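Chemist: Going line by line, the protein sequences match chains A and B.
If you're matching positions, the first sequence starts at 1 in the numbering used here and goes up one per residue.
If you're matching positions, the second sequence starts at 1 in the numbering used here and goes up one per residue.
If you're looking for bench data, these hints aren't it; they were derived computationally from the structure.
None of the values given here were measured: they were computed from a predicted structure.
Take every hint as true, because none was put in to throw you off.
The list treats identical chains as one, so a pair stands whether inside a single copy or across any two.
In silico DSSO-like links for lysine-lysine, alpha-carbon gap of 27 angstroms or less:
hint : residue 1 : residue 2
1    : Lys127    : Lys3
2    : Lys127    : Lys114
3    : Lys127    : Lys102
4    : Lys49     : Lys102
5    : Lys114    : Lys35
6    : Lys87     : Lys3
7    : Lys3      : Lys49
Number of protein chains: 2
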Amino acid sequence: MSKVPTEARQFYDPHVFLCQNQRPADHPRGCCRDKGSQEMHAYMKSRAKELGIKNTRINQSGCLERCEMGPTMVVYPEGVWYTYRTKEDIEEILQSHMIGGKVVTRLQLENTDKFPKDREARLAASKTAAE
Amino acid sequence: MSKVPTEARQFYDPHVFLCQNQRPADHPRGCCRDKGSQEMHAYMKSRAKELGIKNTRINQSGCLERCEMGPTMVVYPEGVWYTYRTKEDIEEILQSHMIGGKVVTRLQLENTDKFPKDREARLAASKTAAE
Numbered sequence: 001m002s003k004v005p006t007e008a009r010q011f012y013d014p015h016v017f018l019c020q021n022q023r024p025a026d027h028p029r030g031c032c033r034d035k036g037s038q039e040m041h042a043y044m045k046s047r048a049k050e051l052g053i054k055n056t057r058i059n060q061s062g063c064l065e066r067c068e069m070g071p072t073m074v075v076y077p078e079g080v081w082y083t084y085r086t087k088e089d090i091e092e093i094l095q096s097h098m099i100g101g102k103v104v105t106r107l108q109l110e111n112t113d114k115f116p117k118d119r120e121a122r123l124a125a126s127k128t129a130a131e
Numbered sequence: 001m002s003k004v005p006t007e008a009r010q011f012y013d014p015h016v017f018l019c020q021n022q023r024p025a026d027h028p029r030g031c032c033r034d035k036g037s038q039e040m041h042a043y044m045k046s047r048a049k050e051l052g053i054k055n056t057r058i059n060q061s062g063c064l065e066r067c068e069m070g071p072t073m074v075v076y077p078e079g080v081w082y083t084y085r086t087k088e089d090i091e092e093i094l095q096s097h098m099i100g101g102k103v104v105t106r107l108q109l110e111n112t113d114k115f116p117k118d119r120e121a122r123l124a125a126s127k128t129a130a131e
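All chains, please: the whole structure from these sequences, using the hints.
Modeler: Structure, rendered in structure tokens:
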């Protein structure tokens, strides 16, 4: 909807938001907090510093509303979304995306990925197409 | 630093983050929470819905680290930052930026605005230049 052009020089580039929403344990949608988002946020923040990545910020955010695909993060200004689980996933996002400028497709969420099954079907189809 | 191109179709467009960080009352930098960010977040979220703005999300975030200029928000993918105080400020950002596609310059934070005095000097200089 917005027609505002992207700022040539971003204040943070990239600016990363990791969902930290906590829901009751029996909530059917689940939540990122129950899937390790707090520990992974702390890890990503300290590891980005350790790697000397400048001009970035690894932020916590409220619910990003992609709970079923969680834990999720979004990287701006590019608007690339990821799901992640482990420190290795975080490391790959830091090294490939943030340092190397290359999207980590194995962790990327497409706009159409609403449930894990959507993503699995999409990845399986792209694997078949590549064979 | 990132060289990843911006996604042609963003999942949320625009995606707005309002800093909600709370610091101790005597902290020298102050914090957005003590300047009304919680009430303004709730207002902006419900007002965006009321105005029928589609495909957006008005998120809470952790500390955006521009405390002295707070309360602050950032609008992505464009990467435009604002300071705000009142419901009228929020309304103008919704109407002008999010519906009209026009940046609200009177509330915008430039990258060089670290303290309110930087912003005041900049606005005064641009006013003088326009006369």
